[in-house]
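Going line by line, the protein sequences match chains A and B.
All residue numbers for the first sequence refer to the UniProt record's numbering, where the first residue is 1 and numbers rise by one.
All residue numbers for the second sequence refer to the UniProt record's numbering, where the first residue is 1 and numbers rise by one.
Heads up, some of the hints might be wrong.
Said to hold, decoys possible - Listed below are several chain A residues computed to face chain B (Cβ distance under 8 Å; list not exhaustive):
| hint | residue |
| --- | --- |
| 1 | Arg149 |
| 2 | Gln150 |
| 3 | Glu262 |
| 4 | Gln277 |
| 5 | Gly297 |
No lab work stands behind these hints: they were computed from the structure.
Backbone N, C-alpha and C define an ideal beta-carbon position, used for all residues, glycine too.
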Amino acid sequence: MTTAVAGPTRTDDQRAKADTAARRPRRPWAPYLFISPFYLLYVLFLLVPVAVSVWLSLTEWVGLGTPHWVGLRNYRLLATDISFHRALGNTAVFVLVAVCVVVPLALLIAQALNTRGLRARDLWRTAYFVPIVVSPILVALIFGLLFDRQFGLVNSVLRALFGTGGVDWLGDPSLAKVSIALVMLWRWTGYLTVFFLAGLQSVPRELYEAAAIDGAGRLRTFTTVTLPALKPVTAFVVVTSFIGAAQIFEEPYLLTGGGPAESTLSVTMFIYRAAFQRQQFGYAAAAAVVLFVLVFGLSQLFNRLLGIGRATS
Amino acid sequence: MFTAPPSRRTLLRGALGLGTAAALTACGGGSTTARTSGDVTLSLWTHDPGYEAFFRKGIPEADRLTDFRYHLDVTRAGPADLVTKLLAQAVAGRGTPDTIGFEIGSFPRMLRGDIAPRLLRDLTPDLAAVPGLKDDLLPARLAPFGKDGKVYALDSDTPMVVYYYRDDLFTRWKLPKSTETWEEFAELGTRVHQDHGASLCVVSTAGSDAGQIVQSFQMLLYQRGGAFFDAEQNLVLDSPEAEETLRFLCDGLRTGFVIDISDYYGAAMQAALKSGKVVGLPMAIWYKNYGLIANVPEQKGRWRVRALPRFTKGGGVTAALGGTGFGVVKDKANTVAATDFLLKTWLTHDGQVRRFTETGYLPTRRSVYADPGLNATTDDFCGGQHLFRLYRSLLPDVPAFHQSPDQSILFDVLAGNLLRAYRGDATPRQALKQTAADYRDQAGR
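Modelling step: build the complete structure from the supplied sequences, incorporating the hints.
Shown next, in the form of structure tokens:
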């Protein structure tokens, strides 16, 4: 006699799985088709231009006709180009201003705007945000008038208050940098304030209450509660400010044209000048590649240092 | 036999095919078979509405003198943008204009490599085909738009540099109106500054505009007999004439004879003119319209124009500054029509007369300076002065002017060094030496 061994009976769950498998779409490429537009655009508008720029940087091209292959010549020339070194130095100064002055100032203003009981809060917020929506051309026009050596409002005020004026805000190489920095400060502080304000409003109120119970003062509360809570926002703001300042173009281009004596020439202006004023597209592409490598490398470094994108324990 | 109607899918496929074909046709380069007569719509790019008005008014004359019936499709943009857009469209292989105006400072970009010969029609044979025309055109105004003996654009102006002054204040302050030399004039200017706080000469220190900073020096340098580039496009800036001119301006700034203004055309200059801080300045003839009338229209009748004082050591009594050359894009269906249009509006005697009366730009043909009508014209802004007669007398002194593809490099480095010299941070000699060194370092990269 043989004993028949009954196989395991199918549970409802297994049946459901089997049904799902049976209903599995016959077109496994469909999901890829749906996500393909992004990759297509990514390749078309990011990878291809970057690759072409790298290739162009190894050529000499006037903008028309066939580029001539020159290998690494453009990079060798950049290494000894005083103008490019100046542009790198100026850009570094603007980056430092953005990261070390604008960001902390934005944080302080956000903290002030977040204070309980502040009247006309929305008005303040709007006032701080307005500079970023004003056209850069208008900004340049207004600040050009303000900073004019002979007839500018800033010098008039200085003359009225201290009896001294005639400061060459845009004509003196050192002061021109300061003027650009002031415009950056005016233009970007309010914009960054909004990010910090959003971050501040998401800090749990209980943390502040706990700090108060523990007897922490304002400064202590700020350093032990607010700053740690704002770390992800700060990291984002620092990195975006760094990237934005490293590519600064509008302010110096419109206000000083990179002058006087290239004292406000930024790297992006250097690239623009080489390509669209001197018809040296290969050289401009080489400078652009150097800028890309620097910005990409340093922003990756910032990302690691500030822990952007890492899950918090 | 009964035939079934096409299905909806078939119709859709057909429509798609037709649409694709139409789109591909539209994307094509278009016919390059040259039009030789009939209706033609020329695409004209310019930065100046005055030129647009001039060419539109010239259509009937061009229709009468050619086999074409012209229509214009005008695009306006900034001078530098026009060149950028032209090159971009040329790379794209379509969308280029038929005729384009190059502001003289933007044209050197076309001189880089083989851009000009590749894109623009060589107008030399067209000029040679008209009897007497080539010899009648001022070489000084052809050279800036030429390369290797070929002419790629025709200038809009002979923009002589003259001296503008406030006649009413000169009279009130009992100042002589015909000082012979710059040196005497500088002494006079020092006294004027001491007595009235006004200046008789201006240099621009517009940080955002290297070209404007260079202009102030350029005008007097060329008048003195110096130059930036020679006919072979070599830099000849580092010269005794340049040093003398720069020293003259620097000394003038110390004494107050010269004032530095941040912008020739903007608010700073307007304030200086209105407040009487600037009562005279050397500038090109077009400055009357674009600088004085635009900024101080209420001073109509008070300004006068005279020849520049001479430099004791040499040079002439004028220079040239600015200009816009109109060129024709080659190998297009409308190339012949555009060339004819330019020749029959821009270069005819009547056209050159009209150019002065309507836009204020001086003729580029020598013979037109003898026109009785032009010599009889008076200028209201300058108190009814016969300006054209003055310009005619200056014509023999207009110096040659040559451009280089590396001109923007020179302007960038020169502007910075000029400012250093003006501020006293460098001597004129050092500033010019440094400019030459910086230029050599950057040119040809």
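Going down the list of hints, with the structure as the test:
no. : hint   : verdict
1   : Arg149 : holds (6 Å)
2   : Gln150 : holds (6 Å)
3   : Glu262 : holds (6 Å)
4   : Gln277 : holds (5 Å)
5   : Gly297 : violated (25 Å)
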